[in-house]
Amino acid sequence: MIEAILLTIITAATPLVIAAIGELVTERAGVLNLGVEGMMIMGAVCAFAGSYLTGVPLFGVLAGILGGALFSLLFGFLTLTLVTNQVATGLALTLLGLGLSGQLGESFVGIPGVKLSPIVFPVLSDIPFIGPLLFRQDITFYLSIALVIGVNWFLFRSRTGLKLRAIGDSHGSAHALGINVIRTRYLAVMFGGACAGLAGAQLSLVYTPQWVENMTAGRGWIALALVVFASWRPLRVLIGGYIFGAVGILQLHAQAFGVGIPSQFLSMLPYAVTIVVLIIISHNRRTTLINTPACLGKPFVPDR
Amino acid sequence: MTDVEAPATGSLLKIQGLTKYFGTFAACSGIDLAIQPGEIHALLGENGAGKSTLVKMLFGVLQPSEGRILWDGRPVSIGSPGEARQLGIGMVFQHFSLFEALTVAENIALSMDPKIPLAKIAEEAASLSKAYGLPLDPNAHVADLSVGERQRIEIVRALLQNPKLIILDEPTSVLTPQEADKLFETLFKLRSEGRSVLYISHRLEEVQRICDRATVLRHGKVTGACDPKGETPASLARMMVGSDVASVHREAAANLGDVLIDVVNLSVPARTPFAVTLREIGLQVRAGEVMAIAGVAGNGQGELFDALSGEYPVADAEAIRLRGKPVGRTGINGRRLLGAGFVPEERHGHAAVSDMSLSDNLLLSRSQSDRAAFLTGGFAAIIRHDVIRSAAKRICQVMDVRKSGEDPAAGSLSGGNLQKFIIGRELDRQPSVLVVNQPTWGVDAGAASRIRQSLIDLARAGSAVIVISQDLDEIFEVATNIAVISEGRLSKPYPAAELTLERIGLLMGGIHDSTGHAGSPTAPHAGGVHAH
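Taken in order, these protein sequences are the chains called A and R. In this text, residue positions in the first sequence follow our numbering: the first is 14, and each later residue adds one. In this text, residue positions in the second sequence follow our numbering: the first is 42, and each later residue adds one.
Treat the hints as calculated values from the structure; they're not laboratory data. On a predicted model such as this, the values are computed, not experimentally measured, just so you know. All C-beta atoms in this analysis are idealised placements derived from N, C-alpha and C, irrespective of residue type, glycine included. Among the hints, erroneous ones may be present.
In silico contact screen, one side only, chain A against chain R (beta carbon under 10 Å); selected entries [to be verified]:
#1 G181
#2 G185
#3 A285
When the alpha-carbon atoms are kept at most 35 Å apart in a straight line, the in silico DSBU-like pairs for lysine-lysine are as follows [to be verified]:
#4 A:K311 <-> R:K97
#5 R:K444 <-> A:K311
#6 A:K311 <-> R:K161
#7 R:K262 <-> R:K97
Excised from the complex, chain R in its bound form (with noise of 0.2 Å):
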């Protein structure tokens, strides 16, 4: 990496040390930044990694902790979103706060002052709109617009204030190529005018595309400062994910036994313009194996997900086998009641109804494949509430869930207890496949590593264990053999003694081998016994 050092005098904007605590948790820590005149300045992590938190902090949402922010070489303190708005530091929110049922204007008339009329605002959006090529009618209604016009009412609302500095929060995870092909344009126009802007992401390819600088968070802290364009995506990469990959402790892995979930050549078309298309996907996870597939955000998980999972079955039926038994278009109960189980990346709304007790939800994820022993009355299905309490019990006291009441609801847990439910709620079961996505996302270190502890602990009982996730230092620590998924495609799996950071970080930025994927399978045992 080469340290571009900015100069100290002439930044628009300079942070120095700053640093917010959450409680005694530090989302920031020690952050220095400056931004200068003119730049495309890209601000790249992981998801939380800390940039929302800064960001916040910059638009006046939060408050720091300590540190200073330097504006235009003067030390400033920015209350309010107000205040930043008067400062010229204008931000387009990752999720927009439209109102569908109105137009254009009006949506924009209620952040301006209420004394501008309603017909020049339209006036004025509509010349702005078509001055930085983003054409918007002011007289459409929301409802009839696309998400990448409606991020253009969020960027003219911001221009129309006239900033100097403009924020964009992960601007185009709900782009089309298309539509980001437009964005850019925009960001160019503006950077010709002598505007800043901060452009979040964590997409390598566009940062280095689009920035002329980028600094690097990891874990809160900056990990570094350089010119994306310097750069490869792969030593972006490991910026982004870090070369402090705790040691590894754990024994031998078990000999493996056989394949219990078996992809070959799975491909899927992306079902939304946002999705990503999976293509010929090749994957054995054997009996005793935890395979993990690593990856930056938004390469496929979500979809891999769905297709292993069967929320969304894929047209070839023999594109996935269960036990040799072929699955691809069967839904999830079916995949259910042939031993395996599924934990969504999502915890409210997706593994567990928020609202519901805890009983209720084991109840919902296992009512058909404990059929037997939760229901009763054959067909009339009465609920045997007496079992299903007692198994949520159990449940929580095996997996250590920390709760107030007895049976109380979802969304009274903390995410890491939760989180601990829902593995525990699959894990009960002794599946001989677990799929899991994003198992300790946003979850306490405790939590995270007694989860990660028991996703071993099933393997070695003789389950195949996937284990999706954006975290090397997760992988680094259950894996028994590491594939990874970039645009779409999976790369052959590497045993995870032999995989270097580098060489993951490569993988990562979509760099593969000519033999690796085009889903050839790994020879039998190829890397699984290999011991740590």
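Chain A with its partners taken away, still in its complex shape (with noise of 0.2 Å):
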């Protein structure tokens, strides 16, 4: 019973996670891209129309990736190459991943997918109660895991990730030391963008393999609060996403057991959470200054 809520948890969790560590890298580099919806949504419908086109689903994860990536390059030609605000832009993404992503998807609209399917270790699978927990897996698992260690080994161990919080933090200095500012932002919107794609994979390929309209449900809207209960730090982003993910599930077990707390109070949780994280980081003026990109949001003209 345990196992089973366990492994619906790390389900739910899964693309919260990988939406949400692509999001961190683009914020990190102080592009702030609401479109993580939009993006997710048209994964999804990459990922079941590759998926299902090939009748190989590991295609399928990698139409999903490319989809979302060059959706956001969308993004990034308007928001870095034409200065667009970016706050109106990534919502339009958003509206616009979402009917779009409805018209291409209507012809697969009630046609059951194929699940991805599971990547088994040897051995180790075989150890009670975690080994099918950790080691019977879907690819997606085990990508949102590398992820966030190899995310955070390049935020913070390499040169290149010192580069790109440089620019976050700073542009104009970043620009005046001679890093590329706008290459740098554009490479970290598309790593966002492909995040958010295998996200969108994983919804069509794993949590419910096929097609549904809106089928992604807010969860980009959560992956983007988590960047910020992250406090734009990747290991709390893995944290986060299995708390905010064990909210979604628990509040279904809670429905069917006839507890009486209303649903829609248990489905706001992570926004309410989101909120009060908010208020702790913006009241500490230290550790806002240290991990939020001061130049998140800002466009960035050079030569001016």
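Reassemble the complex: the two chains are provided individually, in unrelated frames, and hints are given to aid placement.
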């Protein structure tokens, strides 16, 4: 019973962690992309199409990543090259993604999909309790863990990650040091898009292996909240992702057991918790200064 | 002044006839300078004297128009900051370009060879900072550091390149006195190792204390080279502000009227560690009088303006009286309603919002004092754009403001034209008291003379005018009476006609007469009626 609940929590938390870790990198470079929901749903529809058309679910995963990255490129072109307002563009990206995916996926509605098969680690997967939870999962779960660890290393151990953080902190000074601000931001935006696409692929290939319109159901927004909740630290994204995922699953179980908490209350919990975290971190000026990218959402125009 | 001629050979850096034109304007003109190994060399000069232009040429940021630079006796051309560093020139800028969210080591690493591992940089920075008495924790976040510690990062960053010459641009302007003392110890250590320091400052006391030689700039030219220890503050100040004061063409001042602004025993504690404390300031300005407040930058001019304008009201309401009413605790708008007008020093972001149109800027400053004319609908306060636009147009005509378009953004105007508009915005109200800080800073000569004339005209029409300025030419041109501010104390006012340059130099250097200040207002009509 507990094992079953934990398994569903992992499945629910994985897309949140993946989408949030991508958005974290984007925001660390100083770009606020509110279009996570839109990129995620584009990833979901591309993944389903890729899997359905080739018959190979793994190609679906690749298609999802590619779809999300390409869709984020549109955001990058608008905000970085044409210097449009990032907030407005991000919101537009979400609306566009929701509409476009509905159009693209019209013919897939009602078709049963193929579930991404788990990768089973021999021996390790036979460990009771832990084995099935951690070593008999599909590739997206392993990728989510690898992404968190990899991004953490990249940001805080590598020189390129240092440059990326420098850009997010003060793009003017970074430009003066000869760092290519726009190129780095393009790459960061596309990494965020690719992650959102992968998260979408997890939804349409693992979570519920089929295509349903609006199937992201606000998970993109939770991922955005998660980045703030984690105060832009990768390892906290992992923790927060599982807390948010658990809240969502327990809410279903609570309903099944007839616990007298309205489901709406539980669905709003991630956002409420994020607001509380925001209040706490902005209360402490030091943590805000050190973790929040100071240039977040600010347009950069070189030579002005 | 005692001229100490530098030996021709053995100079680390020698500059001959260095000139830089911006268009037809010569920011630096025929500058000669020699820096010996192991000396702390001061570059003295007022704002706009050409100090920054000169060091930018030395650091490869700007290219000279004429003249040559000799490094170790060989002529060199310095094309970029990178080339300057290769030669062995390091620079610590006045405004730091540090990343607050990053650690000290990470900040240094960003400007170093990426092949050097971060741990090694941290180690080197720590040992170097220790050796020079600049304690720094390489793993501290910049956000947690004081301004003085941030400057140390810049110094250590420069030292990591092992330079022979370090240029410091106004390093103590952001430091507390204690931090400055520490910095001086570091400079002495650098000198003892045979490194040279080019020390840019306008603080005479500091230069006398730590520098071996000084080169003084004024209006882009060298006006003196000396051993600062052999000079007096007065003689250094005179070299800085010059003695070529233009002849004053002014009619006899009209008879002075009532005291319109009366400051008695005004003391204001420093708001920040870098601010100056105002001490027992006394000042009376009468109708028809232009009171000029002279002084070397950073002696309390900004603080005095803030107190007079009400940007930061003072504790004692009685310390400042406007037309007889105590206003010490009243804000800007309250003082404006009593007929006062104020023009702060910074045009952009303080006196005007750069992105807003001229008419919007007009409304912003006068929405209270001209509420009846500019706003309608009572409580609803609906903006009467037509009235405001025509007022802005009138101001532009009167002050000869050159602009593109009908009502352009303030930021699109040149400095001189914007300044004319800002001054005109106050004059348009015919204020009975006008306080201006640095009215012609960075303004072209034509606009400057237009502005000065309008200040004289305002006083002649019966207003009291206070002009805070560092430009002695300007002061002698407009002033009826002159008081000098030094270290937050204001001297007694002197009639402009009676004040000699020697005397004003002494006052600027901080030498007061025993009978002078301490809040005693001048006797009625003292000096005021002197004609030129």
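Q) Of the numbered hints stated previously, which ones are contradicted by the structure, given in increasing order? A) Result: hint 3 breaks, nothing else.
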